[in-house]
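First to last, the sequence lines map onto chains A and B.
In terms of our numbering, the first sequence opens at residue 47 and continues consecutively.
In terms of our numbering, the second sequence opens at residue 47 and continues consecutively.
Hints in this document: simulated from the structure, not taken from any laboratory.
All C-beta atoms, glycine included, are put in the ideal place defined by N, C-alpha and C.
Incorrect hints may appear among the rest.
As the list claims (entries may be wrong) - Interface residues of chain B toward chain A, partial, derived using beta-carbon atoms under 8 angstroms:
| no. | residue |
| --- | --- |
| 1 | 155 |
| 2 | 157 |
| 3 | 251 |
| 4 | 255 |
| 5 | 257 |
| 6 | 268 |
| 7 | 301 |
| 8 | 347 |
2 protein chains.
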Amino acid sequence: METLEIRRPDDMHVHFRQGKMLESVMPYTARQCARALVMPNTTPPILTASELIAYRDEIQSACKKENIAGFEPLMTFKVAPATDVDEIKRLKEAGAVAGKLYPEGVTTNSADGVRDFKAIYPVYQAMQDEGLILCIHGEVPGVFSLDRERAFLSTLKELASDFPRLKIILEHATTKDAVDAVLSLPETIACTLTVHHLYLTLDDVIGGMLDPHVFCKPVAKLPSDREALLEAAFSGNPKFFLGSDSAPHTVDNKECPCGAAGVYTAPVMMPALIDLFDKHGKLNRLEAFVSEFGARFYGLPLNEGKDRFVKKDWTVPDICGEVKPFLYGKTLGWQAEAKN
Amino acid sequence: METLEIRRPDDMHVHFRQGKMLESVMPYTARQCARALVMPNTTPPILTASELIAYRDEIQSACKKENIAGFEPLMTFKVAPATDVDEIKRLKEAGAVAGKLYPEGVTTNSADGVRDFKAIYPVYQAMQDEGLILCIHGEVPGVFSLDRERAFLSTLKELASDFPRLKIILEHATTKDAVDAVLSLPETIACTLTVHHLYLTLDDVIGGMLDPHVFCKPVAKLPSDREALLEAAFSGNPKFFLGSDSAPHTVDNKECPCGAAGVYTAPVMMPALIDLFDKHGKLNRLEAFVSEFGARFYGLPLNEGKDRFVKKDWTVPDICGEVKPFLYGKTLGWQAEAKN
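Next up, chain A with everything else stripped away, as it sits in the complex (with noise of 0.2 angstroms):
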């Protein structure tokens, strides 16, 4: 049988959310990863040092109710208005590796987000100074929806020429326009590309009958614009990688009337990409996607671990504890190798 050993992956942005659903949805991710970048929206967010180690400790708590080992949660903060400049030294000093800025309103728990991106100028410079790394979920609230996140790019170069150290992350690409904008930049602007948009295109939200399981912000666009993100990902730049964007909301918040934003691809994860990479003839480049060129972007060590996988059947759970995973009831052709 075709076997594949990668070194064990990174995801650079993960929704872990609080409580039982984190206790429920981690252990996917830290089963596959060794690390993944844990986004700050939670209620309420994470945006001091006390609250950031407190949330951290929960993490670790689960992982070690749940017996998982060896996974490390690479902490992030939010950059909102509410942000204390004072407090990006202290929040580096307990850990944090990002900050994520959400423009106010764009998506799930981003009412404290930023509406005047020039107003916090000085916390983007406290960041830098620390050499913290900026994630920004790239669109402007109020614009069209398809064309909101070519309408943030110009904020994107802006931010680019003005904090010409800052490492900033364009989170969840799913246009051209922000491929081509990311490639058009310097080295220090990175950008994150989801399981799910290198699968989706609007039509398999609207297409057919509406499916709320595969909605999510930013909505997913046009098949010219997937197509750009599957050759952004097969590229080998090191430019993009591996961030799922993995947003678990209840079936009840899911379906309606909530129809929450989100995709679930953490349990999917690694079998997603690799029959992926596979069908496209791509599956060497995706050792780098997925475990090389996030890590190096944010200056950490490669992993050291290997994972194994067989080129089998694999067919996706319907549910996931209460959350319907991406790709539910699809069978992918790859799973992870049994471990005796």
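With chain A fixed as given, assemble chain B onto it according to the hints.
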């Protein structure tokens, strides 16, 4: 109090369904309209004269049961690969005024639709000979959702050219390209506009939380497309008239995991249109749009009755029977004058 009197309208595209749903939804249309063109995508569909007669009987029985007098259903049949050319004459004699063509699989109950438009040229020929109107759901299945209507326009142009005496209606246009195509074609080609497509863009479906209650086929498009639809509705050009495509689905079928396509506008039809035309300063264009252009295109006499509306806030109910109406919970500036 400001009032408005207008000639009793016709809804040139409505879905009444069958059985209990018919009894629940038909009265909303029948109380506002003198006539409505009833779509034939029932289960099973209306293909023959006897099926058409039976469906009309069912509608008329429902009218009687609901104490509705003076409402005339304009009957249609499905133009499908299964359509018998010899049946066209009998359909006409049974009272059909139009045939409705669905491309295969393009919307609710269209699995039996047309794949090869040329294969049923004898049917169009027979319809042209009988003076029947061809109503088309103008989308090409399989094409990316936002491009489906545009992709159909070459077929529309071909049909217009090959059957110069056949009256064709491009139903529920959603794009500027469709409006432009209809404008460019001879007088035999007209276009219905729905209430909801004059209100919605894709953002209403996917721009915030996912909203299944405004999800329909064809899906609402870009702001520039809606602008073109509004211009067409306000233009006074007789090629553009009301066909609401009011399409009820139970809450269970609209909400997930079903996600059925269709917006139920019948309960709010006239107040929603008056409010919209009023807000755009185009009340003077409303009567022709709802009560004249459609009747003229169908060769029907104008309705004699008049309806009065008052400029007084009206909050749309949250539910009508088992179906959520369009704009539920919203407040409109106009309502029908109470009858004593």
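Hints and how they fare:
Here the hint on residue 155(B) is broken, as its CB sits about 13 angstroms from the closest CB of chain A, past 8 angstroms. For residue 157(B), the interface hint is violated, the least distance from its beta-carbon to any beta-carbon of chain A being 12 angstroms, above 8 angstroms. With a cut of 8 angstroms, the hint placing residue 251(B) at the interface with chain A holds, because the nearest CB-to-CB distance is about 6 angstroms. Interface hint status for residue 255(B): upheld, as the beta-carbon distance to the closest one in chain A is roughly 4 angstroms, under 8 angstroms.
For residue 257(B), the suggested interface contact is upheld, since its CB lies about 6 angstroms from the closest CB of chain A, less than 8 angstroms. The beta carbon of residue 268(B) comes within 7 angstroms of a beta carbon in chain A, closer than 8 angstroms, and the hint placing it at the interface holds. At a threshold of 8 angstroms, the smallest CB-CB gap from residue 301(B) to chain A is about 4 angstroms, leaving the interface hint in force. For the restraint placing residue 347(B) at the interface with chain A, the shortest Cβ-Cβ distance is roughly 41 angstroms, beyond the 8 angstroms limit, so the hint is violated.
The structure is inconsistent with the numbered hints 1, 2, 8, although it conforms to all the rest.
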